[in-house]
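Given next are the chains, with one letter for each unit.
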Amino acid sequence: MTEAGHLTTADIGDVPGPVLGDDARALARRIVAKYPTPRSALVPLLYLVQSEAGWVPRKGMREVAELLGLTTAEVEAVATFYTMLKLHPCGRYVLSICTNPSCALRGGKRLFERAHELLGEDCEHVTADGVFTLEEEECLAACDTAPVVALNYVFYNRVTEEALESMIEAVRAGRVPEASRGGVPGELREVSRTLAGLTGRLPEGAEAERA
Amino acid sequence: MPEFEPVLTARWADPAAATMDGYLAGGGYRGLAKALDMSPAEVIEVVKTSGLRGRGGAGFPTGTKWSFIPQNTGKPVYVVANFDESEPGTFNNRELMERDPHQFLEGLIICSYAVNCRTAFVYCRGEFVWPGTVLERAVAEAYERGYLGAKVAGSDYALDVVVHRGAGAYICGEETALLESLEGYRGQPRLRPPFPAVEGLYRSPTVINNVETLSCVPHILDRGPAWFASIGTEKSSGPGVFSISGKVERPGNYEAPMGTTARDLIAMAGGVTDGKALKAFTPGGSSTPFLTAQHLDTPMDFDSVAAAGSLLGTKAVIVLDERDCVVDAVLRFTQFYAHESCGKCTPCREGTWWMTRVLGRMARGQGTMQDIDLMRDVGQNMLFKAFCALADGAVSPIDSSIKYFRDEYEEHVRLGRCPFVEPGEETAAAAVAAPPAHELALGEVLG
Ligand SMILES: Cc1cc2nc3c(=O)[nH]c(=O)nc-3n(C[C@H](O)[C@H](O)[C@H](O)COP(=O)(O)O)c2cc1C
Ligand code: SF4
Ligand code: FES
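Protein chains in written order, with the numbering used here: chain A, 79 to 289; chain B, 116 to 562.
It is worth saying that the hints were derived from the structure and are not from the lab. These numbers were taken from a predicted model, which means no experiment stands behind them. Using N, Cα and C, we set each Cβ at its ideal position, and we do this for glycine too. It is possible that part of the hints are untrue.
[What the hints assert, rightly or not] Each pair of labels, with its calculated beta carbon distance range:
#, chain 1, residue 1, chain 2, residue 2, range
1, A, Thr115, B, Lys391, 28 to 36 Å
2, B, Lys391, A, Ser244, 27 to 35 Å
3, A, Glu199, B, Asp488, 35 to 43 Å
4, B, Arg438, A, Glu199, 30 to 38 Å
5, B, Glu364, A, Glu191, 23 to 31 Å
6, B, Phe310, A, Glu195, 45 to 53 Å
7, B, Gln186, A, Gly208, 53 to 61 Å
8, A, Gly208, B, Met153, 55 to 63 Å
Produce the complete structure using the sequences and hints provided.
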């Protein structure tokens with residue numbers, strides 16, 4: 079990571095085995111078929127990798143590169159640009175706390191500090207129990223409900239310190255509380271399926287096979 | 116204020132409005148029917164006559180933008196809706212989508228028809244997992260009910276809409292970075308010209324419009340351009356959804372005619388929290404220079420805000436009260452820009468980073484008087500010297516805060532600490548208000 083917090087290819091981790099199985103590869107073809115050119119599917123396919131592996135290991139990037147006819151370096155260059163693609167193992171729940179001014183003015187910074195205390199030293203990578211990755215978030219475009227906390231990018235409004243504490247406890251106990259809008263957030267793998275476009279319209283059958 | 120009937124937010128209190136049936140019951144897709152009875156050129160003319168200007172920040176006339184699209188180049192025409200909303204303080208696109216997705220979709224379809232586009236894209240901010248899902252459902256419903264696909268609303272016009280999720284990068288809201296991102300590259304801005312109207316997505320003619328801009332379009336077609344132009348001011352016509360946040364009693368989106376004063380808007384949001392005095396506000400998000408109490412009577416339209424020395428931007432009013440530290444807020448904004456700089460050009464990449472260092476020591480009370488001028492100097496070396504407007508936006512909070520609150524910076528230096536925090540005391544956590552009733556109802560219907 080650079081001093082300013084940007085990721086570099088040195089931050090990319092890896093796994094031993096292959097990431098995308100046959101089912102995932104079939105889905106990959108349908109995602110590619112959404113677009114006029116295959117390369118547009120690059121980020122969606124990295125989300126697909128994240129939905130399979132829980133994060134985006136180098137092996138997954140190599141597989142995506144092969145699927146799209148790109149070099150691994152081209153894929154890495156893109157993957158390191160985007161913060162929602164996790165290049166090292168992370169928690170099943172990404173806990174984001176907005177500390178941009180509209181939230182900070184209403185207690186967002188204190189909330190972030192409190193979360194850090196509760197989750198312990200390594201929480202910005204992954205907590206010891208594998209449940210959380212804590213992120214200090216930029217404005218989530220929900221400043222009307224400041225301070226905003228998100229679990230896997232699903233938002234909770236006007237979160238107090240007490241609410242944050244009970245939320246963390248509940249998630250640890252496997253009882254994820256309902257978000258203010260959007261129901262109960264799934265684990266990062268599941269949300270990554272949504273981000274890959276798998277909950278939206280996908281071309282079927284012949285159309286997908288042509289891709 | 117003259118009598119004003121909400122337009123874009125009229126259906127917000129009705130959770131069913133987010134569904135096709137609810138939308139149709141409220142007169143939805145009438146604007147599209149009228150558009151399909153006209154020629155594409157006539158639709159563009161109507162939008163031009165309405166005076167609608169883009170709500171994404173730059174205020175470019177929408178009909179004019181559409182008229183730039185060359186036809187018969189042999190290449191397809193694309194429309195890309197910009198749903199990347201990430202300018203700090205801005206949250207109207209999100210709520211427009213959550214509460215009335217078909218209003219936006221209808222606008223997108225009309226725009227696509229007007230420029231002869233067969234495949235339109237919506238670039239949805241990655242962090243909008245739920246708003247993106249609301250959009251996907253609306254798109255699916257529109258296909259089912261024949262508003263998208265081979266025969267749009269029974270006509271011979273065919274249109275597909277593809278929803279694309281971003282992956283966490285503010286810069287991808289900048290239109291050329293957005294196109295790069297949608298093509299599968301790092302989201303770094305392109306050199307202009309060529310402009311997207313000539314060479315945009317896949318080097319084809321492309322229209323890029325904001326979600327609020329497109330949400331205005333069905334109403335313009337349905338009720339006519341003269342009606343739209345009768346709202347707001349002569350050069351900033353129509354209604355606008357203003358995002359008001361920070362230290363106001365009821366942060367939220369408030370719809371008002373363009374040109375409503377900042378004072379009236381803040382009053383709509385219940386006034387400054389706890390009856391405190393206002394210290395500063397941004398008129399259009401973090402990238403627009405701060406204004407102060409002396410500017411409260413500025414009409415919030417493109418020209419008046421520019422005349423007051425700032426920018427209307429995204430109509431996002433962030434309010435700081437008399438006890439809030441300007442230096443602290445500016446530091447946090449600057450950290451945002453340092454993090455979000457795409458790294459392509461030196462003044463922006465290095466400038467934002469060094470500014471966080473100088474502001475950081477200033478906020479901790481370790482700055483010097485020279486640091487204040489140093490920051491102005493660095494700002495001058497960033498302003499209009501970088502590739503895209505992100506760098507200019509980064510200079511806005513710094514420059515304007517030094518202009519209006521230099522004494523506050525000096526106070527930090529003199530005291531050796533932040534004057535708003537007593538030694539040992541932390542920033543006060545704000546009181547938490549109860550959510551409005553309609554917010555709960557929405558979750559029940561769509562949850
Ligand atoms: C750094 C930067 C970020 C931007 N982010 C957004 C955004 O999130 N949403 C948006 O609609 N426009 C954004 N814009 C403006 C777009 O480049 C573009 O002008 C706009 O989407 C055009 O739509 P409109 O004409 O309907 O306003 C941004 C511009 C810059 C320079
Ligand atoms: S000004 Fe900043 S964000 Fe814009 S292209 Fe240059 S480095 Fe990237
Ligand atoms: S500042 Fe936190 S959501 Fe906007």
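Against the structure, the hints come out as follows:
1. Between A:Thr115 and B:Lys391 the beta carbons are some 54 Å apart, a value that contradicts the proposed interval 28 to 36 Å.
2. Remark: the range hint 27 to 35 Å for B:Lys391 to A:Ser244 is upheld by a beta-carbon distance near 31 Å.
3. Take A:Glu199 and B:Asp488: their Cβ atoms lie about 40 Å apart, and the range 35 to 43 Å holds.
4. Between B:Arg438 and A:Glu199 the Cβ separation comes to about 33 Å, which falls inside the hinted range of 30 to 38 Å.
5. Restraint check, B:Glu364 to A:Glu191: a C-beta distance of roughly 26 Å satisfies the suggested window 23 to 31 Å.
6. The supplied range of 45 to 53 Å is met by B:Phe310 and A:Glu195, whose beta-carbon atoms lie about 50 Å from each other.
7. B:Gln186 and A:Gly208 have their C-beta atoms about 56 Å apart, which keeps the hinted 53 to 61 Å range intact.
8. Evaluation of the 55 to 63 Å hint for A:Gly208 and B:Met153 yields a pass: the beta carbon distance comes to about 58 Å.
When each numbered hint is compared with the structure, a violation occurs for hint 1 only.
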